[in-house]
Amino acid sequence: MTAIQSLERTTAAPLETPRILPPMALLAELTHRCPLACPYCSNPLELTGLREELTTEEWIRVFAEAAALGILHLHLSGGEPASRRDLVDLTKAAANLGLYTNLITSGVGLTEGRVQQLSDAGLDHVQLSLQGANATMADHVGGYRGGYERKMAVADWVRQAGIPLTVNAVCHKQNMDQLDEMLDLAVRLGARRIEIATVQFHGWAERNREALMPTQEQVERTNATVAAARERLKGVLVIDYVPADHHSTYPKACMGGWGRIGLNVEPSGEVLPCHAASTIPSLRFDNVRERPLADIWYRGDAFNAFRGDAWMQEPCRSCERKHIDFGGCRCQAMALAGDAAATDPVCIRSPLRPMLETAAASDGAATPGAFVYRTMKPQ
Amino acid sequence: MNGETSAARIDGATIAKLARGVRLRDDAVRGQQVLLAPERAMALDEIAVKIVHALDGARSIDAITDAFAAEFGAPRDQIAGDVIAFVQELSDRRMLEILS
Ligand code: SF4
Ligand code: SF4
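Protein sequences, first through last, are from chains A and B. According to the working numbering, the first sequence is numbered sequentially starting from 1. According to the working numbering, the second sequence is numbered sequentially starting from 380.
What the hints contain is simulated information worked out from the structure, not anything from laboratory work. Heads up, the beta-carbon is just placed ideally off N, CA and C, and yes, glycines get one too. Some hints could be false.
[Said to hold, decoys possible] With the Cβ distance kept under 10 Å, some of the chain A side facing chain B (calculated, not the full set):
(1) Glu65
(2) Ala68
(3) Leu69
(4) Gly70
(5) Arg192
(6) Val372
Work out the full structure, taking the sequences as your base and the hints as a guide.
Next up, the structure:
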């Protein structure tokens with residue numbers, strides 16, 4: 001067994017037939033319902049309504065299949081997962097399966113009692129989103145008055161219940177200059193970790209480019225702020241930082257590579273290699289209502305579409321970084337190059353990069369108008 | 380609101396245990412032991428697993444080192460260095476609760 005495995009590696013098996021490893025993480029988008037209306041929401045433009053959502057029993061079956069498949073981390077997300085009335089039951093079922101349960105929440109919809117119930121159910125970790133360092137900014141971005149106050153209360157309940165807390169901060173033109181305050185706030189709230197992610201221009205954010213795109217100077221200042229904070233807060237606050245990709249040299253290895261690390265289950269039960277994959281019209285997605293999760297992971301068309309490197313075009317195909325960033329984001333290639341198999345236009349080696357830079361610079365310099373907030377109804 | 384505001388320095392007198400939200404689990408699918416934390420899964424080798432088990436919130440690093448030195452018949456100084464380095468790394472990643 002060991003000998004065969006090492007043989008496979010040393011003989012450099014052609015990447016056309018990649019050895020598919022079990023997935024590590026599952027993002028369960030329990031619902032698209034959400035009281036907030038963030039203008040960069042990563043949910044699709046066509047949102048799934050309550051009636052089409054998987055039932056409690058269906059979700060629990062998915063969790064069991066996921067655990068058997070080798071999933072270690074389960075992210076309970078949305079929309080706002082607290083909008084699901086069965087959130088405590090789902091958490092309990094997942095924890096009983098040995099899954100590491102992480103709740104990704106805006107905080108709205110949680111009460112002190114519910115946080116305690118989640119804690120008792122075995123919830124391992126909470127990720128609380130912050131849209132800004134104060135109520136004025138946070139409630140403006142989230143489009144929900146009183147949201148900030150509620151978040152502060154939720155952080156306190158989470159801490160009292162003893163559940164470790166990560167603060168999620170999505171940064172963009174309008175709140176980026178508050179980053180130092182957001183870091184201080186995270187420490188004051190007792191967070192052990194902060195995830196600072198620069199907004200990604202998929203879905204709703206694409207409609208708000210001028211309102212969200214940071215300038216080059218903002219990006220550089222943010223990089224410096226993060227570097228300084230990593231020194232200053234070492235051992236106090238772990239900082240995970242996703243820099244602005246329109247301003248980077250190479251694209252990110254989106255999702256750690258297509259069909260390599262994780263999968264997303266949509267509220268309706270569709271299984272996606274990444275949350276934006278439904279923007280690629282050529283892909284057909286399997287549903288957990290019709291096919292076992294393991295079968296979808298190993299044999300599903302959507303998962304195999306961009307595994308390995310046989311699908312790659314130049315310049316990726318002959319690039320030495322192709323197993324580092326996997327050619328970048330397929331959804332971004334779709335959106336900007338009109339071809340999901342193209343090199344991510346963020347890459348400095350993409351012929352489209354100059355166009356991208358010009359657009360980023362002009363959107364960055366634009367005076368932000370009003371946000372187009374996300375809504376459940378198509379606009 | 381009472382976030383910790385300074386990093387813990389690990390030494391022989393330190394007493395620690397895994398923080399809530401960090402757990403050691405048998406990963407049957409991959410045949411390994413993994414330490415799970417928010418967004419992190421660390422595959423641990425046998426020695427690391429032993430150290431994590433020894434972090435019981437009662438014994439000091441010195442006591443753990445003494446026990447390992449006796450068990451492996453290895454030089455105490457070398458073991459102390461390895462244990463402290465690993466525990467410091469866990470601490471810097473905010474994976475431990477430091478009791479003293
Ligand atoms: S990004 Fe904002 S609107 Fe979208 S689901 Fe999250 S909290 Fe709700
Ligand atoms: S050419 Fe393709 S593989 Fe090479 S760095 Fe750019 S995106 Fe990555």
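Hints versus structure:
About 12 Å separates the beta-carbon of A:Glu65 from the nearest beta-carbon of chain B, more than 10 Å, and the hint is not met. Residue-level restraint check for A:Ala68 holds (minimum Cβ-Cβ distance to chain B is 8 Å; threshold 10 Å). Below 10 Å, beta-carbon pairs count as interface contacts, and A:Leu69 has one with chain B at about 7 Å; its hint therefore holds. The closest approach between the C-beta of A:Gly70 and any C-beta of chain B is roughly 4 Å, which is under the 10 Å cut-off, so the hint is satisfied.
A cut of 10 Å between beta carbons decides the hint on A:Arg192: the least distance to chain B is about 4 Å, and the hint holds. Interface restraint check for A:Val372: the shortest CB-CB distance to chain B comes to about 30 Å, outside 10 Å, so the restraint is violated.
Checked against the numbered hints given earlier, the structure breaks hints 1, 6 and satisfies all the rest.
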